[in-house]
Structures are given as structure tokens and as C-alpha cells.
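A.B. asks: Listed here are the chains, written in short residue letters.
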Amino acid sequence: MILVCIMVTSGYVAAQNLEYCGIIPTLSQTGRISQRLNYNFFLSETLDLADRVIDGTYYPSKPLQLYIQPSIIYAYSPNLNFTASLTYNYQRSNPNVPYFKEWRTWEQVLYSHALSHGRMTHRLRYEQRFIKNEKTGEWPMTTRLRYQLGFNIPLQGLTLDAGEFYFNCYDEAYFTLTVPPGTVRSALYSENWAYAGIGYQTKNIGRIEVGPLLQFNVRDIEQDLRNLYLLQVAWITNFNFPVKQKTGS
Amino acid sequence: MIKYFLLLLVSASLIIYLGGFSFGEKKIKKEHVPEKIRLYLQREYKDAKKIKYYIESDEDTTFYEVELIQNKEKISLSFLKDGTLYEIEKKIQFKDLPLPTQSNIETYLSKSYSKYNITDVQFVNPHLKTEYELNVKTKSESGTKFYEMFFNAEGQLLHAEEKTINPIPTLF
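Protein chains in written order, with the working numbering: chain A, 1 to 249; chain B, 1 to 172.
Errors might be hidden in some of the hints.
[Said to hold, decoys possible] Within a straight-line C-alpha distance of at most 25 Å, the following computed PhoX-like cross-link-like pairs (lysine-lysine) qualify:
hint, chain 1, residue 1, chain 2, residue 2
1, B, Lys72, B, Lys111
2, A, Lys203, B, Lys91
3, A, Lys203, B, Lys72
4, B, Lys29, B, Lys74
5, B, Lys81, B, Lys26
6, B, Lys46, B, Lys72
7, B, Lys52, B, Lys81
8, A, Lys203, B, Lys29
9, B, Lys91, B, Lys49
10, B, Lys139, A, Lys203
11, B, Lys95, B, Lys30
12, B, Lys111, A, Lys203
13, A, Lys203, B, Lys46
14, B, Lys50, B, Lys111
[Unchecked claim] Here are the simulated distance ranges between beta carbons:
hint, chain 1, residue 1, chain 2, residue 2, range
15, B, Glu73, A, Leu149, 22 to 30 Å
16, A, Ile198, B, Lys91, 53 to 61 Å
17, A, Asn94, B, Ile92, 29 to 37 Å
18, A, Pro98, B, Thr144, 31 to 39 Å
19, B, Gln93, A, Tyr39, 49 to 57 Å
20, B, Thr164, A, Pro140, 18 to 26 Å
21, B, Thr144, A, Tyr126, 39 to 47 Å
22, A, Gln91, B, Asp96, 29 to 37 Å
23, A, Val109, B, Gly143, 14 to 22 Å
24, A, Val109, B, Glu73, 49 to 57 Å
25, A, Ala196, B, Gln156, 25 to 33 Å
[Said to hold, decoys possible] Which stretches of chain A does chain B cover? Using the computed rule of at least three CB atoms under 8 Å from a CB of chain B, they are:
hint, region
26, 53-59
27, 134-141
28, 154-163
29, 184-190
Keep in mind that the hints were calculated from the coordinates and are not lab data.
Predicted, not measured: the structure shown is a model, and the values here were computed from it.
Beta carbons: idealized from backbone N, C-alpha and C, even for Gly.
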């Protein structure tokens, strides 16, 4: 949130920004492969829901981005996970431009610790993005570092049970490290996502979580922003909170 | 593209629903807890906060379980069906254990593993008989493992279970 405030209160907002409102349905399923190895399948679609005219240009409501993100998680300890993924991403910066295709590999370290009755998470991800250049047919590489600070807490008691609510929030800052030769980096601190939501643990079908997600990204070297005001609707299965365990005697 | 997304969403929901995610114990309301237990809690834990009640069947025995916080301390209580207190669980520090108990536990761990780290200690007393539940990270030739170990009041190992490590939840 602090990073978002810095971005908003800086000179960025005076520039020619594009603003969109929409919804981002997401699906996340985590399952066990072996004692330490787990998989996650993540899917999301960003949908711009309102037609609008910005500076005389008509932007019809259209899908903006599709993420297909399978990953392998190595749970080194209850507090430390390592993850790697090959992600496919199909996106456009606004509804008037063609989609670009991207393959992305990333490696991630995730650390978690208790805070009050909730849990704090620190996530560091290093991405290698291969975005197709339609003119040359090549897939040059861009690298990016992301840091996410998250917090979640059951709202009814110490543990989360079926039929109960929880709170989840995170802020993630994106830092573009390298760009392909012959191109110019828009900004080092190039993107930020901030989210706060309320979730509900169902009895049989995992968790449903809803909340506002604000995405800001620097879209050109003039530091113009694309702001997405989204409603994130997530369906999460095997999203574990501490589970009460009965002791043997 | 939206069609594909919806199709995937529906397929996944069917798989998950048919897979049958379920919980081992059932949360219940206070009024469904036997009066004897409610009176005990009123008497012994009158300042308790965030109280939750559960019912759980373990083979032929039914337990009522109560989770609460008193004086910033997390406490878990188990009662038999007739309201008799069966077990109290609460977090303590390893240094709070009696010294001979500490010494016996440390001797066992150092003999069994090349390295170990006690991450969490709970006082438990099934049948009101003192036991200690330790979460221990161990290193040996077979690699790093995480155990839940139960020791008696003297510090002798009763049994140990290797813990399943769940991935840390995160989105995107």
C-alpha cells in the first residue's frame, strides 16, 4: 500500500493515464505430488467491463489478459517454500491493440511467519519473460523481480473452519531489471498490485474470496500509467490455514 | 477466450466437487455443548475470548473440543461426551519444562539426529496425564524432516509422527 501511495502521489498521475474498471475471475488449485512436492494450477482472466472514451479514443469493453500458470512447489519447511513455473500469458495493454503472447519462466521464494493470530507472507519472484515480437517472430527476454507482502487472518477464532470468513491482503511491487537490446525500459519500478479481500471457507468446495485489486503499471517512457480497478473473484482450493490436530495419547 | 475460461472453470469445479474436500471435525454452536462443559468453562475460563466449539468422533469415542484464548494464551480443551475433561493443550517454552525432562529429551534427540531444532512445545495431558508435544526439525543421513514428537513427563519418547508439510498459501 505504501508503494502504491508513493506512486500515486508522485508525478505519475499528472501524465496521460488510461483507466479501466473490470473484474478478474481467478482459479487456484493446489495439490500434493509427494511429501514435499506440490503443484498449483492458477488461471485468471482480466476483463475490462466498461466501454469508454479517453482523449477522443474509444475503448470498447474487452478481455485484457489471460494467465495460465501451472507451478511446482517444493515445501522445504512449514515456513519456507520454493516454486518454479512455466506460465503462458496472453495480454494487451488496452482493448484497441492486438494481444501479445508471452511465455514466462519464474522462480520464487516464499517465507511465512505468524503475526498476531494471522500469517504474514514475503514472496520474492524472479521472472524471465519471453514476449513475441510479431515483426521479427523472435522471443527476446525481459527480466523482472517482484516482491509481495501479504497477510491473512481468520476472522472467527484462531483457525478457519467451514462456514467462516477470513481476511486476506497483499501488495506487490514489480521491478523491471533488463529489457531486450534496442529497447528502452519504461521504468525500474514498473508495476504495482494492491489487494484486500474477504474470503469464505465453504464446506466442500474450497474458498471463495472477493475484494478490490488495484493494478498500476507504467506503460511508456513518458511514465504514463495504465490503472486497472478490478474486482478480484477467486476460487481457491487447498488454501491452507493452521488445521487443528488431535494429539495421540 | 471467455468461453474457454468458463469451460475450464466448470470442469475444475466438477473435479473438485467430486473429489470431496471435507473436514474431520465439525464446528458446533455453544448451545449444543453439554451444560457440564459450559459451566466448567464459565468457572475456569471466565475471561476467555474467541471461543469455538467442535465435536469429533475418534473411533468409538466422541469428544467435545473447545478452542479459546485466555490471557493471550491459546488453549485447547477436550471433553468426553459426559462432560468430563479429557485433555488440555497449551503452548509453553522448552525452558519451562522440568530440567531432568529437558535433559532426557535433548539426549534422545542428539543421539538420534545429527542436528535438530525444537520449534514448538505444547503441554498436553490426555487422561490428565502430563505429556509434551514437540515440533522438531531434524537432520540426519536421510535428510531434513519435521516431526511431531510426544514425550512423557520424564522426557521419554512415547511416539513420533512425521509431519506433512503444506504449501504456504499465495495467489497469482
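A.B. asks: Now tell me, hint by hint, if it's right for this structure.
C.D. replies: Hint by hint, here is what the structure shows:
no. : hint                            : in the structure
1   : B:Lys72 x B:Lys111              : violated, 36 Å
2   : A:Lys203 x B:Lys91              : violated, 29 Å
3   : A:Lys203 x B:Lys72              : violated, 29 Å
4   : B:Lys29 x B:Lys74               : holds, 20 Å
5   : B:Lys81 x B:Lys26               : holds, 15 Å
6   : B:Lys46 x B:Lys72               : holds, 14 Å
7   : B:Lys52 x B:Lys81               : holds, 17 Å
8   : A:Lys203 x B:Lys29              : holds, 16 Å
9   : B:Lys91 x B:Lys49               : holds, 17 Å
10  : B:Lys139 x A:Lys203             : violated, 38 Å
11  : B:Lys95 x B:Lys30               : violated, 36 Å
12  : B:Lys111 x A:Lys203             : violated, 44 Å
13  : A:Lys203 x B:Lys46              : violated, 31 Å
14  : B:Lys50 x B:Lys111              : violated, 41 Å
15  : B:Glu73 x A:Leu149: 22 to 30 Å  : holds, 28 Å
16  : A:Ile198 x B:Lys91: 53 to 61 Å  : violated, 29 Å
17  : A:Asn94 x B:Ile92: 29 to 37 Å   : violated, 58 Å
18  : A:Pro98 x B:Thr144: 31 to 39 Å  : violated, 49 Å
19  : B:Gln93 x A:Tyr39: 49 to 57 Å   : violated, 37 Å
20  : B:Thr164 x A:Pro140: 18 to 26 Å : violated, 42 Å
21  : B:Thr144 x A:Tyr126: 39 to 47 Å : violated, 24 Å
22  : A:Gln91 x B:Asp96: 29 to 37 Å   : violated, 55 Å
23  : A:Val109 x B:Gly143: 14 to 22 Å : holds, 20 Å
24  : A:Val109 x B:Glu73: 49 to 57 Å  : violated, 33 Å
25  : A:Ala196 x B:Gln156: 25 to 33 Å : violated, 49 Å
26  : 53-59                           : violated (count 0)
27  : 134-141                         : violated (count 0)
28  : 154-163                         : holds (count 7)
29  : 184-190                         : violated (count 0)
Of the numbered hints given earlier, the model fails hints 1, 2, 3, 10, 11, 12, 13, 14, 16, 17, 18, 19, 20, 21, 22, 24, 25, 26, 27 and 29; all others are met.
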